[in-house]
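Peer 1: Given chain A, put chain B in place with the hints provided.
2 protein chains.
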Amino acid sequence: MSEFESLLKSYQARINHKLEGLLPMNDTLLSRAMRYSVLNGGKRLRPMLVYLIGELSDTESEYLDTLACSVELIHCYSLIHDDLPAMDDDDLRRGNPTTHKKFDEATAILAGDALQPLAFELITSIETSDRNKVEMIRSLAKACGHLGMVGGQIKDIHSQNIFNMESLDLMHSEKTGSLIEASIETSGILSGLSKNDIESLKSYGAKIGLAFQIQDDIIDIESPSYVSGKDQGSDITKDKTTYPSLVGLDESRMRAKELANQAKKILLPITKNTDNLIKLADYIVSRKA
Amino acid sequence: MSEFESLLKSYQARINHKLEGLLPMNDTLLSRAMRYSVLNGGKRLRPMLVYLIGELSDTESEYLDTLACSVELIHCYSLIHDDLPAMDDDDLRRGNPTTHKKFDEATAILAGDALQPLAFELITSIETSDRNKVEMIRSLAKACGHLGMVGGQIKDIHSQNIFNMESLDLMHSEKTGSLIEASIETSGILSGLSKNDIESLKSYGAKIGLAFQIQDDIIDIESPSYVSGKDQGSDITKDKTTYPSLVGLDESRMRAKELANQAKKILLPITKNTDNLIKLADYIVSRKA
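So the protein sequences, as listed, match chains A and B.
If you count the first sequence from 1, position 216 lands on 216 in our numbering, and the numbers rise without skipping.
If you count the second sequence from 1, position 148 lands on 1148 in our numbering, and the numbers rise without skipping.
Same shape as in the complex, but just chain A (with noise of 0.2 Å):
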């Protein structure tokens, strides 16, 4: 393992063990819920940006800790919304039963529904200015709504009325960029980075964004189910447009890689050590799962 990803699974573990301190911990079955679909091994990408983010300032972890665990509730709560039968209808998630398959559907709603507000909750409770917090809110707030993630998702479940790599591109930026891009933001307003560098990170963020859904996108026809945690080639069995339908896995492939550069040059004028950001660049482009 390289010293960058030992570095990525120790920002995980520092991620999982601070999800696990402020879910809920009552014996409900809301609480069991919520719990469960958070705390099942994600990757984590988002908490890892924030912390990516914070390193350009020297941001101690702990101060970003909060924010980090902001961002990945609203993730997690994504997941479970678009996991149900109405939506894509999937019954594995990070290899383990999706949240309404362990629980219920009304469960299922209902634990979503309360991460995203704990989400919320949590950046009020953050040690920095009102000003700061405010500005945090906002642009996650706008990332969660119409013309960001939730935006994303219904043009998701209706993709197959998408035909070109635009359209498709324009989906996947509101779907997962949006939230990436925020986690971007939010970090770069709590390290106190100037507007500047939070508008070139959050295009970087909307780069790595892309690749890393065309990189799931090839995961879900090359992996086993053992490796992606997903129906392997649940995306074609559900009639889904991808990269890889639309323009065949040479050339998602090359795009992916294209993305990934793009991403790092646009790293080059910032005058801060971005090292880390461009080996995630290229971490992601390299996954296999």
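Don't take each hint at face value.
Straight-line distance between alpha carbons at most 30 Å, and here's what the computed DSS-like set of lysine-lysine pairs gives [what the hints assert, rightly or not]:
#1 K101(A) / K1102(B)
#2 K1240(B) / K101(A)
#3 K1238(B) / K101(A)
#4 K240(A) / K1101(B)
#5 K1102(B) / K238(A)
#6 K238(A) / K1101(B)
#7 K1101(B) / K101(A)
#8 K1102(B) / K1240(B)
#9 K102(A) / K240(A)
#10 K1238(B) / K102(A)
#11 K102(A) / K1240(B)
#12 K240(A) / K1102(B)
#13 K102(A) / K1101(B)
Keep in mind that the hints were calculated from the coordinates and are not lab data.
Peer 2: Relative to chain A, chain B alone:
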């Protein structure tokens, strides 16, 4: 119509107009579903509370509009999800097809998912101090979470396990009371009321919230669908535990009146003109729809 009822009507018209202007207008499925779910003539109790609390310190309605919209969006999102097949499986809401009936289940889930963050985003745009915004967001987020609205909703869908008044009160105080109290608290914060007054007013809110719910249960039994906007007796069909099912209609009526009286008593120490809040308490337990 009494002068007070005219006032309520004028606030209703005001909030409907404001909501109309603030919801997304673009012609997407998601935006249409969001508009449909919100602009269907609800009672607008929570916005009214925002305005009536503001009146106590002569706060201009204009200053309260955005907050009033915000709490109503949360309420509307919760109704969409409560009506889903996996939850109450309701076909009618306010006399119209429920959102999942008018559109489809996925669209309904997502319309709710998009209304929630919009409510938080709106609060960040209110012209007040950042301190106030953070406090309002914290109050609202708590009300929406696992210890508030969502915690109550999961108890409600298993309400056949509720066998006594105390548990039924707790469920409703979480499910409905939380947001009612948050509407009062946030309006109190925005209007600059004292902490003491806000606490008293929240207790008032808890009482009228329960009274409102009991009256709803009574209306469900007594009013035909064209009055209540729901299927008559739908609680009974669904084997829900309600106040009438637990203690009968007469005692339910008495309890609602008693709660309204308790609410009015709580207002006594407040050295402001609380006439309209007194009238609201009476109105809530005398309404027929």
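Peer 1: Go through the numbered hints given earlier and state which of them the structure violates, listing their numbers in rising order.
Peer 2: none
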